[in-house]
Each structure stands twice: as C-alpha cells, then as structure tokens.
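Trainee: Please arrange chain C on chain E, whose structure you already have, making use of the hints.
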Amino acid sequence: MPQKKDISRRRYLKLLVQGGGLALALGAGGGLTSPEPAIVNGQAAPFGLPLAGAPGAESWFVRQWYGNTRWAYRQRRALYSQGQGMHFGVDFFSTCGTPVVAIGDGTILAIDGPYGSAPHNVLVKHANGLVSLYGHLLERSTLRIGQVVKQGEAIGKLGAPTGADCDTHPHVHLEIREASLGGTRNPVKLITTDWANLTLGATGEGLQFQVDLNQPSRWQTIFDQPDVRFGGPLLNDYERSWP
Amino acid sequence: MELLLLLLILTACSDASPTAPPDTSTTGAAIQTTQLTPAIPAPATSNIAPTTEIAATPVAPVSSTAIPATTAAPVSSPIIANTAVIATTGETTLPPTTAPTTTASAAATAWKALGGANCCQNFSFGGDGRLVYYDQPPGETRLGSWAFDLKSGQRTFLNSGLANYSADLSLAAISSRQDGNTRLQNVPDGTPLGTLANSGSRTVFAPDKKQVAYLLRTTQQDGPEAPQRFSLVVSTLDGRAPRSVWTGRETANLSWLADSQHLLLTGRDAANSRFGLWVIGLDGSANLIVESKGLTVATLSGDGQWVAYIITLQGAERSGVWLAHIDGSAALKQSWLGGFRWDSGHNLYYLPVRQPGETASSLWKLDPVSGKAVRLTDPARFPLQIALDQWEFSPGGTAMAFRNGVDNALWLLTF
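These protein sequences, in sequence, are chains E and C. The working numbering puts the first residue of the first sequence at 1, with every later residue one more than the last. The working numbering puts the first residue of the second sequence at 1, with every later residue one more than the last.
Don't read these hints as lab results, they were simulated from the structure. Hints are supplied without guarantee of correctness; some may be wrong.
As the list claims (entries may be wrong) - Here chain E is said to cover these stretches of chain C; the calculated rule only asks that three of the stretch's residues, wherever they fall, bring their Cβ under 8 Å from a Cβ of chain E:
1. 170 to 177
2. 204 to 215
3. 280 to 290
4. 307 to 313
What the hints assert, rightly or not - From the structure, some residues in chain E lie toward chain C, with a derived Cβ separation under 7 Å:
5. Ala-57
6. Ala-127
7. Cys-166
8. Thr-168
9. Asn-197
10. Val-211
Stated by the list, open to error - Label-pair ranges, simulated between beta-carbon atoms:
11. Gln-151(E) - Ala-316(C): 25 to 31 Å
12. Arg-240(C) - Thr-95(E): 45 to 51 Å
13. Gln-355(C) - Thr-95(E): 21 to 27 Å
14. Asn-272(C) - Gly-231(E): 48 to 54 Å
15. Ala-270(C) - Gly-163(E): 52 to 58 Å
16. Pro-114(E) - Ala-271(C): 30 to 36 Å
As the structure is a computational prediction, the values presented were derived from the model and not from experiment. Positions of the beta carbon are idealized from the N, C-alpha and C atoms, including for glycine.
Bound-form chain E, shown alone (with noise of 0.2 Å):
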C-alpha cells in the first residue's frame, strides 16, 4: 500500500479520536475529491481548475466527465472514434469569453496545433512530464510557444465546438495528455477539488456514464475510467448496453 494512503490513515485516525467516542466513518470527505488522487513525481492531483472562481449557474460548471459518458458512448464511432469511444477530457461550460487558465505552472507547447477540439486550441507542458490541453477556444491564444505561464494564468477565452457564434455549448475541454501526446489520464484525479460539487445537482448525458450491461458496474463512477490511447480499440463498442 502506498505510503501516502498509510500516512493519510493515521491522520485521519487523529481526527476520529479528537472527535471524541466511537464514529462510524462515514463522509468525512470521501466521495468530493478522489479517493485515490494520482502520484505524479511523488506529487499528489498537482492541478487547479482552468476556470477561475467558484462555480454556479451565472459563473460556471461540469457538464461532462472524462472517460465512458453516454454522450461518448452515442459519439463513439464518430467525435471519440480516435480516443477509443471515450470522452477523453472534462467539459467546463461557461459564457463565451471568460479567460481560461493554465491548471499548473508550464510552458506553452502548441497554439493551434493538429491536436482536435476546435476551433482553437493551447497545450501547456508541465515540470511533471504531462500536458494540459484546453479546447474550443473563442480565438487564438496571443501567448507564443515556449512561454512560461503559471497556474492560474490566462492562456485564452472559453469558446464554442460551433465557432465564435457561440451557438451551442460553450465550454472549455480540458484534457490531460502524457508526454507523448498519445494518450489521455483522468482529470478528476489529478485536480484536487470538490468534483461532486461542480455539476451544481444538474444532470445530462455527458454527467452520466454508459452502463454495459454485460458488465453493468464497470466505468460507473468519475474517479474509475480508463486512460485513453489514441488510435486503439473501442473501449465501449457495447454487446448490450444502457441506454
């Protein structure tokens, strides 16, 4: 077991007795971040959120979760058809025009590159060998490549998939990509925040999963999805599934 868990046992084990009497754990924060945030060179969920703030229904919100959403699994073989069926980032929504920022400190690696989620796009190398990447942007980033920006910097503006009409689901699409650019790892476990939270209690089909109903408990819930690597397989080509 990993030393982190062992260390986070004990404190939380202070925590019962300073409460006093014998409590059945039950909360406590579990359920509103990740039970098991990712290590990254010995650092534990080292990303913010790219949206300034707190969220709500004037400001902004989730409005789909990485990995195997039922919007994905309907967008399979078309949109995600690359990212193995899986939506591979988290869907912010907000108003057309709110600044988007840098999850952690980095370099700018590309501005508008080949790497989808248009119209434009940024991708931010990190000291951690991952890339953050941030989709539908309103417009070009005025950033240059190579420049250092820190966490919670602006790189952009929040756009549309439908352009600067901003017609139809403004979002930002953050992915998180490793080095090679090849493949995807879930945000909600390398961003330390109340995920639970960020939906406002609203619901959809990008805030629910596909159940395969040959295997009706896998993929169910925002923490367990699978890493995506591009250019695979299917992952969710379903015999039956729901809905």
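Mentor: Same frame as chain E, now just chain C:
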C-alpha cells in the same frame, strides 16, 4: 480500553469496500442490507478542498462490524459551525441558501446500504413503491431488472434488459441500440405488445398506458457538435402507427402531462430560433412556456401541476433553479442551487450544493403551494454525499434511494 477503541476504529476504516452481512435471506428475499445507526461524521476540514492527505484517505463507508448506537449528535456540527443562524425551527417560507445551525426537522430516521459498490443501475421507484434496478443480486444467476419491495423484502425478476416502465410497473419498454428497436411488453407475463423502430431511444409511457413517446435523433447534417436535431414521436403500444408531432433541436427531458395529450420537453425549435421549455400537444400545438437559451434541465411534478427547471449562464438574475406552474406562470427563482426531485404529488425535494466548509448535503422538502420548506436531514446525523445526482423518491415520500458518493453503492434513507 484505548487500544480496544483504536482496534474498533481500525476495523471500521480498514475495509475500503462496502460490506454487507452474509446473505441470510431466503429464496426471493431482499438484496443485502446493512442497517446502521446514524453516524457521527468525522470532523470536517475547514475548506472545500481537503488537504492531499485527507483526499487520499481510504474511507470505510460501511463495516460489517456491529456498531453500537452512537451518542447524541454533536450540538454544534463542525460541518456548519461557521454558518450564521438563519432559522431555529427548520421551517421557513423560503429555503435558506445555507443550512440552519439547529437540527430541528431532521425527519429522516434511518439509512442503510442496499448491495455493494456500483450495483443496481438505473434505479427508480414504481408507482406501487417497489424499487426497480438492474443488477445481478448476490445468490442470483440472472442479470437483469429486478423489483424490490421495501416492506416485504421480496425481490422479483422483471426481465433481462434495462427498461423504462409504466408507473405501475405493468408495462416495459426495453430499448436496444444494437438492433435499433424498442420492445414493448407486459411485465407480468412477458407478452409482447409491439416493436418500435426508434434506434433504441428512451421510450416513455403515457399515464393512460395507451401511448408511448420518444425523441428520435435525426441525421446529424451539421456535425456532431452542432445543435442536435430531434423528432418527437408518439405511438400506440402496438408500434404500428408512430407519428412525429414536433421537431426541434437539443431536445431533452421528455415527460407526459397528466392528461396523456401533452408532453413537456426542453430544447429549441427546428429553426434554432426559440429556446426553452415547451408543452407539445398531440394535436400539433407547441407552446413555449418558459423562454431561455440556458434552460436545459426540467422536471414535472408528480401531479403534473408544477415544473422545476434550471437556467444557466444567463446572468445572475436569471440563472438558477426556478419553480413555476405548468403553464409557465408564477415562475419563482429559488434561493438555493442544486439537484431536485418531485414526489408523486407536488412536493419538491432538493439537495442544495454544499457551501464552503460543508462536507455533506442537507435534504429539503418544499411545498410550492405554501412556499414552506422543511429540512429533512441533519448533515451531522446523515452526511449525505450523493454521486452523479442519482437519487429517487418513493411515491409517498417515505423513502429515498440514492447512490452514495462515499462507496458508490445504493443506499436507502427512510422517513
């Protein structure tokens, strides 16, 4: 003694997977349950994002170890210790955005786990109060849809698919994207009624059980990220005469009104020029009862007289949760933001998003007629953390099934 205490706590914390007592049920008995006394949560951290150490903490949500009854819940819960006193009775004319510091009106009496992590997909309550879900329960060889009677503990196999049901669970619509059809059938004897060539779209029974409706996604001529085009189709149960009664874009949240002659949905018209909440008549009428481009979630009350909906990204004044009559009149923005459900009447249950410093949610019930809201759970006793907005109320409001964010298992909260 201290050693014993630590041992007991270690036992409670050492099993990361939810456990349940051995299945002692007889044939046809209930899915496994673990009865718990209300738990005292561990002290809350001081901000939303726990430290890395806390985030990595293995949480043992359910233990098979017998847990003695806890002492009284803390008078001042650390979860809400920093909130101002807003109400002392738990009953207000408008729900506060933050929970009262008192524990009055904690109407919930018990909760228990039903099955293990990730079990029981697509759970919902039938009109007869049975809980329906898709699973292969312990000790069963069949994977499929089951109906679970909360009172008797009897479990009944419905079919091998995952279906939408009529309110009384007598009819099933089993959709399959693979073969592109939806099969309609009687549940008790499995008699087929008809087949709909509807691409496996979610199919909803009218209250009179004589018709079904579904949203058929049409050709995506504009690309997958462009506004999706839909046709609202209504059919008799034999599937022989499906007819389109409306076409639009970005359409969702389909439900029948009580008269079986009108349907409620959200979306845009075919011209992509009018957006919001629509009531569509089988006679071809289409009324935009709430106009907003940011309206994407809406649900109809059980009695069909009220509608709750969410508007997003339309400015501070318009964005939020709203409640209105079914004709769109008397729309009132709520002071809370969060998920909501209706019971079989017109009571609205809602779970406000947590405020800074809170680690669990409170459940509220709102009577839209009187405008009074009552808090049903005290987060100090029932630290609700619901995953993926998966929670459903029984028809009489006596129980709530929910996906627990701690262990991702199905839980039942009773009142």
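Trainee: Against this structure, judge whether each hint is valid.
Mentor: The hints, checked one at a time:
1. Interface restraint, the stretch 170 to 177 of chain C with chain E: holds (3 residues with C-beta to C-beta distance below 8 Å; minimum three).
2. Coverage of the stretch 204 to 215 of chain C by chain E is violated. Counting CB-CB distances below 8 Å, 0 residues qualify, and the rule asks for three or more.
3. Under the rule that three or more residues need a Cβ within less than 8 Å of chain E, the assignment of the stretch 280 to 290 of chain C is violated, with 0 such residues.
4. Only when three residues or more bring their CB closer than 8 Å to a CB of chain E does the claim for the stretch 307 to 313 of chain C stand; here the count is 4, and the claim holds.
5. Because the beta carbon of Ala-57(E) sits about 4 Å from the nearest beta carbon in chain C, less than 7 Å, this interface hint is met.
6. At a threshold of 7 Å, the smallest CB-CB gap from Ala-127(E) to chain C is about 18 Å, leaving the interface hint violated.
7. This hint is violated: Cys-166(E) has a C-beta 10 Å from the nearest C-beta of chain C, more than the 7 Å allowed.
8. The interface hint given for Thr-168(E) is met, as the beta carbon of that residue sits about 5 Å from the closest beta carbon of chain C, less than 7 Å.
9. Using the Cβ-Cβ criterion of 7 Å, the hint placing Asn-197(E) at the interface with chain C is satisfied: the shortest such distance is roughly 5 Å.
10. A distance limit of 7 Å between C-beta atoms decides the matter here; for Val-211(E) the minimum to chain C is near 5 Å, and the interface restraint holds.
11. Checked against the given bound of 25 to 31 Å, the beta carbons of Gln-151(E) and Ala-316(C), roughly 28 Å apart, stay inside it.
12. Between Arg-240(C) and Thr-95(E), the C-beta spacing of about 47 Å keeps the proposed range 45 to 51 Å intact.
13. Against the hinted window of 21 to 27 Å, the Cβ-Cβ separation of Gln-355(C) and Thr-95(E) comes to about 24 Å, which satisfies the hint.
14. Between Asn-272(C) and Gly-231(E) the CB atoms are about 35 Å apart, so this pair departs from the stated range of 48 to 54 Å.
15. Checking the proposed 52 to 58 Å range against Ala-270(C) and Gly-163(E) shows it is violated: the Cβ atoms sit about 21 Å from each other.
16. For the hinted restraint 30 to 36 Å between Pro-114(E) and Ala-271(C), the CB-CB distance of approximately 35 Å keeps it satisfied.
When each numbered hint is compared with the structure, violations occur for hints 2, 3, 6, 7, 14 and 15.
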